Structure formats: C-alpha cells, structure tokens
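Trainee: Listed here are the chains, written in short residue letters.
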Amino acid sequence: MSVITLCTDFGLSDSYAAAMKGVILGINPRATIVDVTHAIPQHDIAAAAFVLNGYYRQFPKGTVHVVVVDPGVGGQRYDMVVKTKDHLFVGPDNGVFSFVLMHEPAVCHELKIRRTASATFHGRDVFAPAAARLSLKWEKSILGGIIRRPRVLDLPKPIVSSRGVTGQVVHIDHFGNLITNITGHLLGTLAKNKTLEIFIKGATLHGMHDTYEQCRTAAPCALIDSFGLLEIAVNTGSASKELGARRGDAVKILWK
Amino acid sequence: MSVITLCTDFGLSDSYAAAMKGVILGINPRATIVDVTHAIPQHDIAAAAFVLNGYYRQFPKGTVHVVVVDPGVGGQRYDMVVKTKDHLFVGPDNGVFSFVLMHEPAVCHELKIRRTASATFHGRDVFAPAAARLSLKWEKSILGGIIRRPRVLDLPKPIVSSRGVTGQVVHIDHFGNLITNITGHLLGTLAKNKTLEIFIKGATLHGMHDTYEQCRTAAPCALIDSFGLLEIAVNTGSASKELGARRGDAVKILWK
Amino acid sequence: MSVITLCTDFGLSDSYAAAMKGVILGINPRATIVDVTHAIPQHDIAAAAFVLNGYYRQFPKGTVHVVVVDPGVGGQRYDMVVKTKDHLFVGPDNGVFSFVLMHEPAVCHELKIRRTASATFHGRDVFAPAAARLSLKWEKSILGGIIRRPRVLDLPKPIVSSRGVTGQVVHIDHFGNLITNITGHLLGTLAKNKTLEIFIKGATLHGMHDTYEQCRTAAPCALIDSFGLLEIAVNTGSASKELGARRGDAVKILWK
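Protein chains in written order, with this note's numbering: chain A, 37 to 292; chain B, 37 to 292; chain C, 37 to 292.
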C-alpha cells in the first residue's frame with residue numbers, strides 16, 4: 037500500500053492534475069492517490085506551504101506528498117525530494133516545504149529525471165514519476181546531490197512583549213476564518229487566567245471562546261482552532277468579509 | 037473492501053478534507069475514499085441532506101457515508117452514527133441525515149470518541165476516525181447511547197387539491213435546474229393523461245417534456261428528472277437565472 | 037486492477053458525480069476511480085474534447101475513460117463506447133471523443149443498456165454501469181451495432197503560407213494561458229532558426245521563450261507548452277485577461 041497526495045494550483049477544469057494521476061498509475065498501479073486540493077491560489081507558494089502543514093502529519097508513515105505550485109518551472113530552482121522520518125515530499129525547491137523543513141529533521145535531494153521533461157510541466161514529467169517511483173522504493177538512481185540550503189520562506193513570527201503579543205493573519209480559510217501565527221500554546225503559557233483583548237482591523241474582541249457556536253452571531257470572536265492557532269471567526273459568517281481583513285494584517289493581543 | 041464517502045462544506049482550497057483522508061487511511065489503509073463534494077454551501081444543512089439523498093443508495097452495501105456540514109461543532113448537538121439495513125452514516129445530529137431517517141428504518145447511536153477532539157474540527161477528530169474504525173468492524177466501544185429522536189429537518193411537503201398541487205423548489209443544481217418536492221409518482225397517480233399547467237415566478241409552462249433536448253431553447257420547461265422529481269429546466273441554459281428563482285419558491289401545477 | 041476516469045460538467049456541489057461513483061463501485065468494487073474534473077464548462081463539448089486529449093494517453097493500458105458532457109441526453113445521439121489499441125472511452129456520441137478519433141484507429145459501438153435509464157442522467161444509468169462492466173471484461177451483450185460515422189467536431193486547422201501561419205486559440209487554461217492549434221512540430225519544421233513575430237489581439241510578441249520564468253513580468257510571451265502547442269502566457273499573470281482574448285481568437289505568426 038502506498039499513498040500519494042497531490043496539492044497543486046492547477047485548478048479543476050484542465051487536464052493537468054489528471055495527467056499526473058495517469059503517470060502515477062502507470063508506474064505504480066496500486067498507489068492510493070489522494071487529491072488534497074488543486075485550488076491553491078495561482079503561484080501562491082505561501083498558501084501551499086500553510087495548507088501542506090495542515091494535512092501531512094495526518095497521513096500514514098510512508099506517504100509521498102506531492103506539492104506543485106511552481107511559477108519557476110523549468111528555471112533555476114531545483115526539483116526536490118524531502119525525506120523526513122515518516123514521509124517523503126516531492127516538488128519544487130521554492131518554499132512550499134517551509135513548515136516541514138522548520139519543524140522536522142529532513143534531508144533534501146535534487147531530483148534527476150529532467151531529461152525528457154517539458155519546460156512547463158514538471159508536475160507531469162518530473163514530480164509525478166518521481167513520486168510514483170519513490171512510493172515503490174527509495175530509488176537512488178533518480179536522486180542527485182543533497183540540497184544543503186533548501187528554500188524556506190521568511191515566515192512572520194509573533195512579537196511578544198510583557199503586556200501582550202502582536203502577530204498576523206497567515207491564512208484565510210474557505211469559511212473566511214482568519215488564522216494567525218499566534219499559537220494557543222503561547223497564550224496558554226504567557227496569558228493563562230488573564231483577561232485578553234484582541235485588536236484587529238479597528239475591532240476589539242473581548243476574551244476567547246471555545247467553539248464557533250458560542251460566538252454571538254455576526255460578531256467576530258477569537259478561539260484556538262484545530263491547528264492550535266489563534267483564529268478570528270464569525271459564527272456562520274465570514275470574519276474576512278466582516279472585518280475586511282487580508283493575509284498579512286496585524287493582530288494584537290493585550291492581557292492583564 | 038470498504039468504501040467511505042465524504043460530503044462536506046470545507047471547500048476545495050484548505051487542508052480540512054485532506055486531513056480527514058489522512059486520518060482514515062491511517063486507520064484503514066484499504067479504504068476506498070470517495071469525494072462526493074466539499075462544496076456544499078457553507079453551513080447549509082438542507083443542501084447537504086438533499087445531496088446525500090441523491091447518492092447514498094447508489095453505493096454498495098456496507099458503505100460508510102460521512103457528512104460534515106456542522107456549524108454547531110463542539111456544541112450541544114450529538115456526534116452520531118446512523119445504521120440502516122445497507123449503510124452507515126457518520127456526522128453531526130443536526131438534520132443532514134433527514135432524508136435517510138424519513139425513508140428507512142434506522143438506529144442512531146451517539147459517538148463517544150470526543151476525548152481528544154478539538155472543539156472546532158470533529159471532521160478530523162471524531163467523524164473520520166469513527167468512519168474508518170466502523171468500516172473495519174462494528175466497534176461498540178466507540179458508540180454511546182441510542183439517540184431516540186435524531187434531528188430531522190422540517191422539510192416542506194407538497195399540498196394537493198382536487199385541481200392541482202402546490203410544491204416548492206427544494207434544490208437548485210449546478211446547471212440552474214430547479215428541483216421541486218413534487219414527485220413524478222404523485223403526478224402519475226393524480227394527473228395521468230391530464231393537461232398540465234405549471235406556474236412558477238410569474239411564468240406559465242404548458243405540459244411536460246421528456247428530455248432537456250426537447251425543450252425550446254431559452255424557454256423554461258418541466259420534466260421528471262433523475263431523482264424522480266418535477267424539475268424546471270432551460271435547455272443548455274439556467275432556469276434559475278432565467279426565472280430569478282431560489283430555493284423555497286412556490287411551484288403550482290393545475291390540471292384538467 | 038482497472039482504472040476508470042471521470043470527466044464531466046456536473047460541477048462540484050451536487051450528487052451527480054458521486055452517484056456515478058457509487059454505481060461503478062457496486063459493479064466493480066476494485067475499480068480505481070480517478071476524478072479528472074467535474075468542472076468542464078456546462079455543455080461545452082469542445083472543452084471536454086480538448087481536456088480529454090490532454091490526459092488520456094498518460095493512463096495505463098486498459099483504462100476506461102468516461103466523459104459526460106451531454107446536452108443531448110435522452111435524445112437522438114448514441115450512447116457510445118470507443119475502443120482504441122490501449123483504452124476504452126465511454127460517453128455520448130456528440131464530439132467529446134473528437135481528438136481520439138482523429139488521432140487513433142478506433143472502433144465505435146453503440147451502448148445498449150438504456151432500458152431502465154432515466155431520460156436525463158445517462159451518466160448514472162448508462163455510462164457508469166457500462167464503464168464498470170467493461171472494466172471487468174469486454175462484454176458484448178451490452179454493445180449494439182458499430183457506429184460507422186461517430187461525431188467529430190469541426191476543429192479549426194492552422195493555415196500555412198510561405199511567410200507564416202495563422203491559427204487560433206483553442207483552449208484557455210486555469211492560469212489564463214492561451215493554448216493555440218499551432219504545433220511546436222510545425223514551427224520546428226517551417227520556421228527553424230528563423231525570427232518570429234507573433235500577433236494576437238493587437239499585440240506583437242517577438243520570438244519564443246522556453247519557460248514562463250524567462251518571460252518579462254506582465255508582458256505576454258510565447259512558448260511551446262507541455263501539449264507541444266504554441267501558447268501565449270503571462271509570467272505569474274493571465275494572458276487571457278491581459279489581452280482580453282477568448283477561445284477562437286486568431287493568432288498569426290510571421291517569420292523571416
């Protein structure tokens with residue numbers, strides 16, 4: 037049994053994702069292919085990195101995770117395989133694996149099957165065959181040298197002061213929830229049993245909630261979400277629309 | 037072989053659906069996971085219930101159907117398993133299983149694996165592991181008490197008079213077809229060989245057609261669709277746009 | 037092992053695609069079902085034909101490709117199976133298989149399992165069961181007569197002169213790339229080592245590029261894409277938006 041997951045910005049109306057699946061099944065007919073999403077915003081490497089971080093740990097040991105958000109295809113960036121204790125990752129060396137590389141010991145190899153590759157579609161011509169072959173065995177003949185400094189995005193870190201913390205919105209999900217880079221762990225450590233005020237886009241939120249349902253309808257509220265991160269949400273609505281918020285917007289918390 | 041279907045409002049650009057798939061494959065690596073859709077309109081329990089009703093019977097005996105449209109996650113509503121003669125259903129007790137519960141004998145159990153669950157994502161932390169475990173065996177240790185009165189939506193019923201019937205639009209599909217709650221069976225019984233006039237949003241439709249192709253282009257027409265329901269359609273167009281119709285709009289039929 | 041691919045215009049929010057999958061798994065529980073896309077623009081037979089051409093060759097021998105873009109469902113057109121050396125194709129005889137039929141020797145059979153079919157959903161009632169049964173064996177009992185003249189779309193061909201070639205945009209992909217019917221092979225033969233000027237929607241492009249990354253940001257540029265076709269692209273942007281181009285627009289190349 038081998039699981040191969042696919043996460044791309046190829047959209048849902050072309051042949052691109054299907055071509056990758058055909059190549060994979062041609063090499064490993066027993067692969068279980070999992071569509072993560074093909075709707076990463078076009079060329080949005082940071083979004084792909086964040087989304088990957090939300091699912092890869094849930095998969096069984098040995099899963100091969102393919103991520104193709106690849107504006108630099110055919111150019112200077114490496115085709116890459118990242119090997120961690122439990123998983124393999126296949127995709128461009130452009131930052132899509134940033135969270136993996138920050139969180140876990142990993143070895144990065146250059147991929148060496150470019151010979152017959154098109155210049156514009158390494159998903160089909162490099163990453164899909166590499167993933168399928170590596171799902172069968174750790175095949176050294178398709179690996180090149182070790183990449184010592186794989187590209188890691190310069191991800192914003194929250195800034196802590198004695199009275200609070202300032203972070204930012206790092207992802208807006210399908211529901212319009214604003215997911216921040218402030219962890220529940222950090223708040224649990226620094227602000228336990230304290231009274232919180234949360235400031236975002238001119239709005240002030242008082243205290244934390246446990247569930248979406250607890251939040252007053254139409255009013256933005258804060259909770260620790262399933263990523264373990266501080267999230268601003270609107271109960272059955274969109275915090276993003278309600279607050280006019282975007283990725284990168286500042287979120288400030290004061291406690292006392 | 038075990039089939040697990042997934043129907044959610046999680047959208048197509050986040051990690052949520054993939055996280056569920058990873059959890060399932062970690063527990064039952066041989067599961068065949070079927071994406072039904074992750075594009076149910078957000079929090080639209082009635083839409084999920086209608087869509088589920090359109091596919092669950094098509095699946096083999098033993099299929100586990102997971103439905104997660106769950107605005108009340110982490111709150112008072114139960115996590116639930118519904119067992120019918122041929123299928124299992126896993127999801128929140130909030131009405132998503134209304135059609136199943138109306139159509140078939142069923143036993144509903146509370147799910148008991150909340151201990152380590154996040155407050156905001158029972159799809160990943162409760163429903164996915166429950167579905168995977170139940171796809172392997174009917175595991176009583178994860179079941180709590182029987183839910184005697186599972187939540188069933190108050191679904192509108194058509195009103196029959198001597199001269200006709202009044203129903204309503206219960207679903208608008210991807211093509212803009214207006215699907216009503218008036219069954220072909222009812223019309224076959226009450227209006228056989230009669231001349232029908234159909235009134236919707238100020239328009240009058242004369243008689244029924246058999247296929248979309250028979251309908252005059254751009255003119256709304258009525259037929260019995262693949263659900264066995266009266267449907268208002270526009271041949272290669274959108275009845276919804278053409279008529280400005282929405283879910284809940286009245287459809288009146290007179291016969292003579 | 038049998039692979040069945042699904043390409044439809046059913047959208048992503050209804051039960052239609054899932055109903056097909058359920059029917060398939062009921063007949064062939066070991067089928068590997070691959071979602072190609074369910075987001076072909078509604079009723080757009082030419083788009084389905086183009087997309088199919090982009091993936092079918094990538095799949096293993098024996099794959100059954102189901103395509104359902106079928107505005108004429110229930111009408112005069114045939115339900116059809118196309119058999120080529122390596123693949124089977126199941127769908128309506130309305131042109132969706134045009135590229136296959138132009139490129140490969142093929143035998144077309146009428147499908148004969150209409151008896152219990154709804155008039156509006158042959159995807160579920162004819163094509164899914166036919167694909168599942170044919171994925172198990174070449175079952176003659178569900179085949180009718182041979183279709184001698186299957187429908188092939190009148191696809192535009194580029195017009196070559198001594199100084200250049202005029203083609204047109206045949207597909208616009210998810211990234212807004214303009215894919216034309218001018219092949220890299222044709223340019224390699226006729227215009228090798230020549231200086232090219234490319235004219236589209238009032239813009240003039242000078243020469244060809246190898247990769248998207250080489251193109252100047254925001255300026256449309258031309259390259260040979262992964263289909264082997266001339267493509268007009270904008271690096272990390274949309275050529276379609278930038279140029280206001282649509283399918284069918286002329287692309288003229290002059291060389292010297």
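Quick caveat, the hints were computed from the structure, so don't treat them as lab data. All values derive from a computational prediction rather than experimental measurement. Each hint should be verified, as a subset may be incorrect.
Treat identical chains as interchangeable: a pair holds within one or across any two.
Claimed, not checked - In the SDA-like style, the derived pairs of lysine to any residue whose C-alpha atoms are separated by at most 20 Å in a straight line are:
id: 1; residue 1: Lys237; residue 2: Ala227
id: 2; residue 1: Lys148; residue 2: Pro192
id: 3; residue 1: Lys97; residue 2: Pro192
id: 4; residue 1: Lys176; residue 2: His210
id: 5; residue 1: Lys173; residue 2: Pro65
id: 6; residue 1: Lys148; residue 2: Thr247
id: 7; residue 1: Lys292; residue 2: Leu279
Trainee: Report the numbers of all earlier hints that the structure fails to satisfy, in ascending order.
Mentor: Hints 1, 2, 3, 4 and 7 not satisfied by this model.
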